[in-house]
Amino acid sequence: MSDKRAPRRSLDDWMELVTECRQSGLTDAAWCETQGISPSCFYNAVSRLRKRACQIPDPIGKASTFDLTSHKQDVVQIAIEPETSPAELFQNERNSPMYLDNSHTIEIETKGLTIRMSNTVQPMLLKILMEALKEPLC
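Here this note's numbering is used: position 40 in the sequence shown is 40, and no number is missing along the way.
Honestly, the hints are just simulated from the structure, not real lab data.
Glycine residues also receive a C-beta, built at the ideal position from the N, C-alpha and C atoms.
One or more hints might be untrue.
Heads up, simulated EDC-like pairs for lysine to aspartate or glutamate below, C-alpha to C-alpha not over 16 Å straight-line [stated by the list, open to error]:
#1 K134 / E109
#2 K127 / E83
#3 K127 / D58
#4 K111 / E131
Simulated restraints on C-beta separations [stated by the list, open to error]:
#5 E83 / T110: 23 to 29 Å
#6 E135 / Q55: 18 to 24 Å
#7 A79 / E109: 29 to 35 Å
#8 E81 / D58: 38 to 44 Å
#9 A79 / T110: 28 to 34 Å
#10 M124 / P57: 46 to 52 Å
#11 I60 / R8: 27 to 33 Å
Let the sequences and hints guide you as you build the complete structure.
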């Protein structure tokens, strides 16, 4: 009678095999079949590795672990600028000349009111102005 036992593997060998299996995208059983490894031996090795406090990688691309409810959130850097008062916004405009005949001049006409400013107006001032224009006139 011939002995068909699989060769004895070290825990380091099993850790490499488990990692390879989990990164393959196949189910554990399908990967074991392609490698000629008994699934029961594979799971016994995983159990022994866990008992030794080894970090077992999660399977990737496995449909049962794919969570469609989670949303990937990108981390982006934003610039936070200090808040400026409207008075500071006007001080900067006084130092630069305004050319009303310039094609880059901003002109807003609404509710019988015309407002002209250069295209170098500070965005915060423009935002304050637009919010004020949304309000009804007295």
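Hint-by-hint comparison with the structure:
no.: 1; hint: K134 / E109; result: holds (13 Å)
no.: 2; hint: K127 / E83; result: holds (13 Å)
no.: 3; hint: K127 / D58; result: violated (49 Å)
no.: 4; hint: K111 / E131; result: holds (14 Å)
no.: 5; hint: E83 / T110: 23 to 29 Å; result: holds (26 Å)
no.: 6; hint: E135 / Q55: 18 to 24 Å; result: violated (59 Å)
no.: 7; hint: A79 / E109: 29 to 35 Å; result: holds (33 Å)
no.: 8; hint: E81 / D58: 38 to 44 Å; result: holds (42 Å)
no.: 9; hint: A79 / T110: 28 to 34 Å; result: holds (31 Å)
no.: 10; hint: M124 / P57: 46 to 52 Å; result: holds (49 Å)
no.: 11; hint: I60 / R8: 27 to 33 Å; result: holds (29 Å)
Hints 3, 6, counting from the list given before, are not met by this structure.
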